[in-house]
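Visitor: Add chains B, C and D with the ligands to chain A, keeping to what the hints say.
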Amino acid sequence: MPGYVVDAIYLVTSVLFIVGIKMLSTPASAMRGNFISAIAMALAVGTTLATGEIVEYTSIAIAIVIGTVIGIVASYIVKMTQMPQMVAVYNGVGGLASCLVGVVEFYRNYGHLYPYLTAMIALTVLVGAVTFTGSMVAFLKLEEKLISGQPTLFPMQHWLNLALIAGIAGLGTALAVNPAYAPMLWILVGVSFLLGVLVVIPIGGADMPVVIALLNSYSGIAASLAGFVLSNNLLIITGALVGASGIFLSDTMCRGMNRSIWNVLFGGFGYVPMAAGGGPAAAAGQAGAVKSYSIEDAVNVLSSARSVIIVPGYGMAAGQAQHQVRDLAEVLDGMGVTVRYGIHPVAGRMPGHMNVLLAEANVPYDQLLEMDQINDDFKRTDVCIVVGANDVVNPAANTDPSSPIYGMPVLNAEQAKTVMVLKRSMNPGFAGIENALFLHDNTMMLFGDARATLTKLANALKRQ
Amino acid sequence: MPGYVVDAIYLVTSVLFIVGIKMLSTPASAMRGNFISAIAMALAVGTTLATGEIVEYTSIAIAIVIGTVIGIVASYIVKMTQMPQMVAVYNGVGGLASCLVGVVEFYRNYGHLYPYLTAMIALTVLVGAVTFTGSMVAFLKLEEKLISGQPTLFPMQHWLNLALIAGIAGLGTALAVNPAYAPMLWILVGVSFLLGVLVVIPIGGADMPVVIALLNSYSGIAASLAGFVLSNNLLIITGALVGASGIFLSDTMCRGMNRSIWNVLFGGFGYVPMAAGGGPAAAAGQAGAVKSYSIEDAVNVLSSARSVIIVPGYGMAAGQAQHQVRDLAEVLDGMGVTVRYGIHPVAGRMPGHMNVLLAEANVPYDQLLEMDQINDDFKRTDVCIVVGANDVVNPAANTDPSSPIYGMPVLNAEQAKTVMVLKRSMNPGFAGIENALFLHDNTMMLFGDARATLTKLANALKRQ
Amino acid sequence: MVTVSVLMVSLYVFVLAVFVGFEIISKVPPLLHTPLMSGTNAISGISLVGAVVAAGFSHEIFTTVLGMIAVVSGTLNVVGGYLVTDRMLRMFKKK
Amino acid sequence: MVTVSVLMVSLYVFVLAVFVGFEIISKVPPLLHTPLMSGTNAISGISLVGAVVAAGFSHEIFTTVLGMIAVVSGTLNVVGGYLVTDRMLRMFKKK
Ligand SMILES: NC(=O)c1ccc[n+]([C@@H]2O[C@H](COP(=O)([O-])OP(=O)(O)OC[C@H]3O[C@@H](n4cnc5c(N)ncnc54)[C@H](OP(=O)(O)O)[C@@H]3O)[C@@H](O)[C@H]2O)c1
Ligand SMILES: NC(=O)c1ccc[n+]([C@@H]2O[C@H](COP(=O)([O-])OP(=O)(O)OC[C@H]3O[C@@H](n4cnc5c(N)ncnc54)[C@H](OP(=O)(O)O)[C@@H]3O)[C@@H](O)[C@H]2O)c1
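Protein chains in written order, with our numbering: chain A, 1 to 464; chain B, 1001 to 1464; chain C, 2001 to 2095; chain D, 3001 to 3095.
The hints are simulated quantities; they were obtained by calculation from the structure and are not laboratory data. Each hint should be verified, as a subset may be incorrect.
List of simulated lysine to aspartate or glutamate pairs, DMTMM-like, C-alpha gap at most 20 Å [as the list claims (entries may be wrong)]:
| id | chain 1 | residue 1 | chain 2 | residue 2 |
| --- | --- | --- | --- | --- |
| 1 | A | K417 | A | D376 |
| 2 | A | K462 | A | D333 |
| 3 | A | K79 | D | D3086 |
| 4 | D | K3095 | A | D366 |
| 5 | D | K3095 | A | D333 |
| 6 | C | K2027 | B | D1372 |
| 7 | C | K2093 | B | D1333 |
| 8 | D | K3095 | A | D376 |
| 9 | D | K3027 | A | D372 |
| 10 | C | K2027 | B | E1370 |
| 11 | A | K462 | A | E296 |
This one's a predicted model, so the numbers in the text were calculated from it and none came from an experiment.
If we strip away everything but chain A, and leave its shape as in the complex, we get (with noise of 0.2 Å):
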């Protein structure tokens, strides 16, 4: 195939994945537009094979069906909840290809590199294997296997990683003027790894959303370098687009969390130790002035209700409480109980966590409202029913200026007739701090796993 015909696929292709991603911008079209992406893969793939510079077909086809096997059984058993660890993995191996891609490149062209070539291939390298490393590092805290979800924090660890750029930086620059010596590209691969674990380990579990979200905004310009080094406009502009999706949604959390990215990567903070133990009653009781009641109690309220806002937070993903949420949210329907759901930007522990999870469970997306939608209608609700939300309802954010969160837009939750929190105790949710909903006059704390709760409401309304 003729160079300029392959140019003009690659146009096409990379107009494809335009198309695709600007689909991705209504429901209607979503699944269409995640469609033409593949297509604009698979064109593009398909491309490459047939350019001619290809001799070795074999290879290609078995590590092509390896991955692909893998690719499939993983999509289908992955849960809805790892959706972020899921996302981590990718980002690493597609780090991975991209750092492989510039080794590979180094030695293809061994014998004639010159300088801006030679550049280009270590920074593919460095940024494909930070990816890598910093991504299965990401995977493993969230899990928590292997590496602990808290900040591993050591001394001189900034120096430590400023060095470590430093001798990259060093490498890179006398690989480019002198390429001769390849145990130094090497070299090079093995810090860029290092970088990658350590850069990511001082930074603690939760805060690893945003984390993968850059990560991913790296797999990006790791694709892109690649396609500075082969000259190859489709993976720049391709690699291009996903860097822009990356730091649009690390910036879009840090803005929900009203923390700066600086912080969330050089911070240290971003653990908070699960609640172990001491259940709901003893939580409860060392609160003093909060109210606890019963299902009855709530049975009562609901039943005179018109109308009813749920804001489901992380605790709803936590205790896979969104098939109970529809339950729920049906049985009041069939009251004729006008529900919708108030879903604020960063609840959960991801962008559009809250959406993907009630999706999940036949909740039509019509029903979703986003803050700026619904904040105005919780003061004419009669009842809000906060599942496992606490850092997204907290008032401080608007009242108290010395709260972390103070100036971090939420929902006006407290506004309507009547609170109703679904929580296990009273341990504070990702912000670590008290949350003075619980203790208005008209909030009604329902303790107890989210499911559980809601499972018991439902029965107890369906009995009348």
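Guide: Frame of chain A, contents of chains B, C and D with the ligands only:
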């Protein structure tokens, strides 16, 4: 200056143009955006002068001085109501510049022209020339000088145009294959000039704003094509931005008029003869059921109003009544009445027409509300004052499926408690159709020139 | 086939720029559509960059004159376009 | 200086693509942020295109093995990413 430095500066310049246009999206940043874009232009021209390709500076200096002087003078004497004409002229000269760049490139490369280059030159010349003469015809039609605003139709018109296009394609191909024969290029220029005239004369004067936006797009495409000729990415990018803008604006207008672009270009419509004489009373008399009211009637209603929405239309522009509108609004404001403006996207004769005129009259832009923002408020409003608007408040668009404007979104003026309509007669507006709003029970027709009527209203209110 | 590869590079740039153009321009509110029209009109005078090259590359009288007409036209488009847009935008004031 | 001009072309394409990326992605509503994340994650597997070249250019065992690892990784990213996104998007239903 080495080529890569020029490329780098051009890249920065392209980014500045993009940023400049992005800043046009809020009124607070728009002026700075325009300034950034102007800086980018200066940087681009300055860099080009410094590339070293240029041996003859005197002629350039003279030409720049001439262009600058004319530009400065013209921009200060033009009236805001003449904007469409002004844009038409600038478009035209921009197209001419691109066309001539193509011609000179032909001579500059004479002897080593290759088919790709010659083809691109021919395209640049074609699009530039059509933009030039097309814009000039549009200008003359708007001014109703030399050429009448009426569609100039003659038999076989479209066939003639098709024949010209075929001829141009033939000439272009012949040139690309054998570029030795320079006169062929001049024939191409001549035929393209003719084509520009012929495609615009069959379009009515009232449709010129759409044509001008489209020619704006062409002038961008011509610049882009010149970029293909010169392998200059800056021209390609900037031209593409302008091309997108022109297409977006003509599309906006077509949607607003409920017509397709094909209907505008080939329909031979769009000429509404000016209301010649007759006088308000006579016209009002003809219409029978129409009730004409006096200034006193209107003052009585306004004195007890709490809220007023002003809906301006083309008549405000034609009658230059924007300052009188502002005066009346201030008097009402002094009486404690809430005054806002409802701006239809295609009120007037070009996109954003009303906003510019009202801004000229010092109306703060936060009082200028878009259709979507204000349409639900008419029903809660005491008085809607329609100043020279007609089609954009025609309820037939919502209710009468047989109306040519059925389906076009309109302002719900008729929902106000009282509607005052300021116009000179019962003559129709741009679309040439009746407006049942004028016969409604809650409508008060105030016949007369808008400017005079507004002045009388304001004075009468002040006297109270 | 070097010319075709030049064309391809130009096409990539063109296509991406068209996407950028549509995305950023569709965000401009109707309030500012007239300044948008005249502002982008000024920008279309970018062919001045080509005109300057055309007018300055040689001492040959014929092409120099053509080039000069191109420069006058381009400058008029640019200078007039920006000034008129600026004049218009100055009028937009908040209360 | 041919390499610098190659770099410049790549840079133009990169910069424009970044603009396109930010503009189109900022229009995706929060409702679809998780599919956006996993969908663009799938797209980042585009380095598979480079990996295929790396795995297939010669019979030398060392680079072929490295290339194969790259192809397995890239394919996993692509296939898994698209399937998981599709699975997620299938769940979004209107009433
Ligand atoms: N979405 C994102 O993109 C993202 C990314 C990073 C960080 N964040 C941060 O995450 C937080 C999200 O706020 P949020 O209100 O959704 O959650 P949250 O503030 O973290 O609170 C979750 C609450 O759920 C309760 N819970 C846990 N398991 C439960 C179960 N099985 N049943 C019932 N309740 C359970 C917990 O209380 P008990 O232990 O008492 O049950 C906890 O207080 C914000 O601070 C945000 O900044 C979000
Ligand atoms: N904005 C754009 O981009 C654009 C572009 C192309 C076409 N259009 C079309 O233009 C129309 C705009 O609607 P519109 O409601 O603004 O205007 P319109 O429907 O054209 O009506 C204007 C009215 O103003 C009256 N008028 C004229 N001079 C007047 C004066 N001195 N004093 C008082 N009244 C005067 C006329 O009635 P009398 O003669 O009785 O006074 C006429 O009915 C739409 O049909 C739209 O599709 C708009």
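Visitor: All the hints need checking, so say for each whether the structure fits it.
Guide: The hints, checked one at a time:
no. : hint              : verdict
1   : A:K417 / A:D376   : holds, 14 Å
2   : A:K462 / A:D333   : holds, 11 Å
3   : A:K79 / D:D3086   : holds, 14 Å
4   : D:K3095 / A:D366  : holds, 7 Å
5   : D:K3095 / A:D333  : holds, 13 Å
6   : C:K2027 / B:D1372 : holds, 16 Å
7   : C:K2093 / B:D1333 : holds, 18 Å
8   : D:K3095 / A:D376  : violated, 23 Å
9   : D:K3027 / A:D372  : holds, 16 Å
10  : C:K2027 / B:E1370 : holds, 14 Å
11  : A:K462 / A:E296   : holds, 13 Å
Checked against the numbered hints given earlier, this structure breaks only hint 8.
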